[in-house]
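Here the structure of chain A is known, so what remains is to put chain B in place on it, guided by the hints.
Protein chains in written order, with our numbering: chain A, 890 to 1006; chain B, 130 to 287.
Hints may be right or wrong, so weigh each one.
[Unchecked claim] Here are the in silico distance ranges between beta carbons for each label pair:
| hint | chain 1 | residue 1 | chain 2 | residue 2 | range |
| --- | --- | --- | --- | --- | --- |
| 1 | A | Pro980 | B | Asp257 | 51 to 57 Å |
| 2 | A | Asp911 | B | Gly165 | 52 to 58 Å |
| 3 | A | Arg936 | B | Thr138 | 31 to 37 Å |
| 4 | A | Ser991 | B | Arg240 | 28 to 34 Å |
| 5 | A | Pro980 | B | Gly269 | 50 to 56 Å |
| 6 | A | Arg939 | B | His283 | 45 to 51 Å |
| 7 | B | Gly170 | A | Ser991 | 42 to 48 Å |
| 8 | A | Asp955 | B | Ala147 | 28 to 34 Å |
| 9 | A | Arg939 | B | His263 | 24 to 30 Å |
| 10 | B | Arg206 | A | Asp994 | 30 to 36 Å |
| 11 | B | Gly242 | A | Asp955 | 36 to 42 Å |
[To be verified] To spell it out: a stretch of chain B is covered by chain A in this simulated footprint if at least three of its residues, at any positions, have a beta carbon under 8 Å from a beta carbon of chain A; those stretches are:
| hint | segment |
| --- | --- |
| 12 | 177-188 |
| 13 | 191-198 |
| 14 | 236-245 |
| 15 | 252-262 |
Note that these hints are calculated values from the structure, not bench results.
Glycine included, C-beta positions come from ideal geometry on N, C-alpha and C.
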Amino acid sequence: MTAAVTREGETQLVEIQDSMSDQVVSREVVVGMPQGLHARPADQLAREARKWQSRIELLSDSQRVDGKSILDVLTLAAEAGTRLVVEATGPDAREALEAIGSLFDRNFNEQEWNEGQ
Amino acid sequence: MKFSDFVATDAIRSHVDAHTKEGVIREMAQSLVDAGSIAAGDLESIIKAIMKREDLGSTGIGRGVAVPHTKHPSVSRLVGTVAVSHDGVDFESLDGEPVQLFFLLVSPPDRPGDHLRALENISRQLRDETFCRHLKSAKGPMDIQHLLEEADSHGVAS
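If we strip away everything but chain B, and leave its shape as in the complex, we get:
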């Protein structure tokens, strides 16, 4: 699965304002509403579900990356977005490091395979230090979009 299969381009954020876990999740979920990927009426329920998942164990998987996610019956296909925090956010990550790169995923409950393949793609690309470094220094959403496109067409994990 490629980034372009699930990342809502209009929801990409290169500078998140929030400095807390819930704040970042809220900002990203709101960006999905603004992009028309999720309905405004489902916003609170989706944020609550993502936070509930975080309570089971942080999705801050190390290397400054977090993958907050949930299943939610309101979506019929996997939707996601990408955000960057230049200051870094305490996400109770597994390695204790602040998180700068966020990949938020909302998937239909009956499609666990799609969710796994999205995680696979994200983790495969993130093993590439150069990709991570470029993402973290993105100046605008277009930079991120171009990096994702490049990863989709050329990116091969080392």
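So here's chain A without its partners, still in its complex pose:
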């Protein structure tokens, strides 16, 4: 298993496995939403992750979970300010990581919802 090596805000190629098509890339993200990584952003995250062929995993201090499973993402119980590492493995890993990272960078567009509840 590849160790997640990240530098804040930066995407790194951690390892190139036997097949050149299987890239492993990772980056650190921060949960910026005041409500944390709750059901709606977890849904958005899993939906985005499932668009890609690569395996997407989220790493917290104590867990490694499947980013394509909303149940898995919710078990992180990541509150506002939590730092996570997103790791993508596969032929489209770089693009996948960029897309997932951008969701965190945009706080999952939470401010646009303004649900008032």
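Then chain B, alone, in the frame of chain A:
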């Protein structure tokens, strides 16, 4: 957080009658009123808030499970209940499957961490297929209560 920290035992329903999303939500919220967990006067406002949240995206998170929820200023602590539909209800779930297991949560607006920890507990336990299967085949509220107690004391997600 354990189920016993937020599930109102008297509000557990093993056979919901409703066959629509709003119907199930109404039935569950009413059961919280009957159990004394929320005030009758707040019922409509809570149902409306939960439905509004559903409009933003279904809380049917797949595997026949939905977690309808809202924040509401009328509660001072997280309250919730569990219900089972044996026929299944179309909840516009993410995977398109009908929903049989419902976990309804009402949380105080200033306690997002408690809400996250309740979701964490629910999703962790629901990854256990056996737990889901037993819940879906519960004959009465006591069966559900016992399953939740068992999950609280032994349940470890695989």
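Results for each hint:
Between A/Pro980 and B/Asp257 the Cβ separation comes to about 33 Å, which falls outside the hinted range of 51 to 57 Å. A beta carbon spacing of about 57 Å between A/Asp911 and B/Gly165 agrees with the range 52 to 58 Å that was offered as a hint. Between A/Arg936 and B/Thr138 the CB atoms are about 35 Å apart, so this pair conforms to the stated range of 31 to 37 Å. Evaluation of the 28 to 34 Å hint for A/Ser991 and B/Arg240 yields a pass: the beta carbon distance comes to about 29 Å.
In this structure the hint that A/Pro980 and B/Gly269 lie 50 to 56 Å apart at CB holds, the actual value being about 51 Å. For A/Arg939 and B/His283, the hinted distance range of 45 to 51 Å is not satisfied, since their beta carbons lie about 32 Å from each other. Taken as a hint, the range 42 to 48 Å holds for the pair B/Gly170 and A/Ser991, whose Cβ atoms sit roughly 44 Å apart. At roughly 33 Å, the beta carbons of A/Asp955 and B/Ala147 sit within the given window of 28 to 34 Å.
For the hinted restraint 24 to 30 Å between A/Arg939 and B/His263, the CB-CB distance of approximately 29 Å keeps it satisfied. Separated by about 34 Å at the C-beta atoms, B/Arg206 and A/Asp994 satisfy the suggested range of 30 to 36 Å. Hint check: B/Gly242 to A/Asp955, Cβ distance near 23 Å, so the stated range 36 to 42 Å is violated. Judged by the Cβ-Cβ criterion of 8 Å, the segment 177-188 of chain B is covered by chain A as claimed, because 6 of its residues qualify and three suffice.
Against chain A, the segment 191-198 of chain B contributes 4 residues with a C-beta closer than 8 Å to a partner C-beta. That satisfies the three-residue criterion, and the hint holds. With 5 residues carrying a beta carbon less than 8 Å from a beta carbon of chain A, the segment 236-245 of chain B meets the three-residue requirement, and the given coverage holds. Using a Cβ-Cβ cut-off of 8 Å, 4 residues of the segment 252-262 of chain B lie near chain A, which meets the minimum of three, so the contact claim holds.
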